[in-house]
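Asker: What follows is the residue order along each chain.
Number of protein chains: 2
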Amino acid sequence: MTTEALVEQIFKKRSFLCIGLDTDLEKIPTYLLSEEDPIFEFNKAIIDATHQFAIAYKPNTAFYEAHGKKGWKALNKTIEYLNENYPQLFTIADAKRGDIGNTSSMYAKAFLQEMAFDSVTVAPYMGKDSVEPFLYIRNKHTILLALTSNEGAFDFQTLKTDDTQLYKKVIEVSKTWENSERLMYVVGATKAEYLAEIRKIVPDSFLLVPGVGAQGGSLEEVCKYGMNKNVGLLVNSSRGIIYASESSNFAEIAAAKAEVMQREMSELMKNL
Amino acid sequence: MTTEALVEQIFKKRSFLCIGLDTDLEKIPTYLLSEEDPIFEFNKAIIDATHQFAIAYKPNTAFYEAHGKKGWKALNKTIEYLNENYPQLFTIADAKRGDIGNTSSMYAKAFLQEMAFDSVTVAPYMGKDSVEPFLYIRNKHTILLALTSNEGAFDFQTLKTDDTQLYKKVIEVSKTWENSERLMYVVGATKAEYLAEIRKIVPDSFLLVPGVGAQGGSLEEVCKYGMNKNVGLLVNSSRGIIYASESSNFAEIAAAKAEVMQREMSELMKNL
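Chains G and R supply the protein sequences, listed in that same order. Residue 88 in this note's numbering is what sits at position 67 of the first sequence, and the numbering runs on without skipping anything. Residue 239 in this note's numbering is what sits at position 218 of the second sequence, and the numbering runs on without skipping anything.
By construction, these hints were calculated from the structure, which means they are not laboratory data. Don't take every hint at face value.
Note that identical chains are pooled: a pair holds if it fits in a single copy or bridges any two copies.
Dumping the calculated DMTMM-like pairs for lysine to aspartate or glutamate here, alpha-carbon to alpha-carbon at most 20 Å [said to hold, decoys possible]:
| # | residue 1 | residue 2 |
| --- | --- | --- |
| 1 | Lys94 | Glu57 |
| 2 | Lys91 | Glu56 |
| 3 | Lys65 | Glu288 |
| 4 | Lys90 | Glu135 |
| 5 | Lys90 | Asp58 |
| 6 | Lys250 | Glu25 |
| 7 | Lys196 | Asp183 |
| 8 | Lys161 | Glu101 |
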């Protein structure tokens, strides 16, 4: 998907909500467990109920890998379902990969071509030659971890390096890489005030912002410091939406939660 | 596997060779492609032929994920084959994972418990709470990326932070984490001279050293700067061994290559 198509969808739906499909067998309604593929059935119900309020879906691959072959199959079915039924939605494989060049190429192929996600999250620690293989693919996006939403972000990401903090250095350096216009960045909502600094370095890039909801980040703060003229934000909520209810009408409740967020987002977009 | 059992095996075999199972359908002998599971058949042949010269096997998960469900099945069969037939061998899931706490727990469960690898490689960028879930599991090991073998290692890992370079900071800080005695570190053979600095911080930890062979690192240099009284090294070779020949006797040729390395290693261990 092109960035233009993503922006168009955001303005059409007046939403920049990304729904995290962190689907956990221990948290989904128990009656689904008798289905042949409970993870996929849960995802399908959530997607069908919430798609009008969201512009992106983000399965975290860990939740699928934890179930081996079956989990991998559920992930495949989920992305196929999204691509076939809702091709206008932006899809993110939250995989946080990164390896030496030839290995990163394998990951890029797996997520962006074979599974045909629009984007994949990548860790920056191994540097340029570990990220560039993801950037070669046209109309796909690589979302680099910059400042994550967890407490451990303060262990290394905010260390002062030569002239600036590591997370800012990561963003600055990555801008010099080939095809860097295909980069987006992960910035946790729990660290909203840092967004002002980040916007000085990448005023136009899209930022994937996890941590609103269960982790405590504020949507209003995120927009105050991080919104640009194209919105430039994909704000993710996972647990707060998909596990809002364990009853048989879980998908309706999830849709109601998503709608509340979409309305807030529409309001926050009113001056654009 | 306990560290003691690993050390015992190293001294018994007089080898600290880890063989990387980066199995690529485009590189294995073409006659294997007619098998139902060519990746597993290749791995099985390599393991059976080389196990007497090696003490560890390291599948890089990217090569398996690139084939989706089928690849995942081949990875499962490979680790099951190793655990059933050669339980004394140390196994490494080279996955380079790392995510927020509840997600890292899913990865830890998948690799260390369900697939029952002895260890998994983890990226440090997200800090303490992203790594600790891997450290909870007794007699398992977490191998943290410190200084990797690729050129991109110089983008961020060697940046000077407050008082020291990032890769050293990662090692120093990780030593303070809970169950840190279950940590090992990745240090590329292409940067052997850095091993002297690393040994000042972690004199006793095991180091997984990729980059000997195809990537150009020297085994002798690695031992000169990195060996301790327990050896303390797992030196990995992937392409140099497993793709030494494309003919039908590829496994014998791989064994011959592994034996050459084992002999060099035995010689380098002579003063221990």
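Asker: With reference to the structure, classify each hint as holding or not holding.
Answerer: Comparing the hints with the structure gives:
1. Lys94 to Glu57: Cα proximity of Lys94 and Glu57: in one copy and across copies (11 Å, 19 Å).
2. Lys91 to Glu56: Answer is within; shortest intra-copy Cα gap is 13 Å, inter-copy 23 Å.
3. Lys65 to Glu288: The answer is neither: 28 Å in one copy and 60 Å across copies each exceed 20 Å.
4. Lys90 to Glu135: both (16 Å within a copy, 12 Å between copies)
5. Lys90 to Asp58: The answer is both: 12 Å in one copy and 14 Å across copies each meet 20 Å.
6. Lys250 to Glu25: within (13 Å within a copy, 59 Å between copies)
7. Lys196 to Asp183: Result: close within a single copy only, 18 Å intra versus 24 Å inter.
8. Lys161 to Glu101: Close inside one copy (16 Å), not across copies (36 Å); limit 20 Å.
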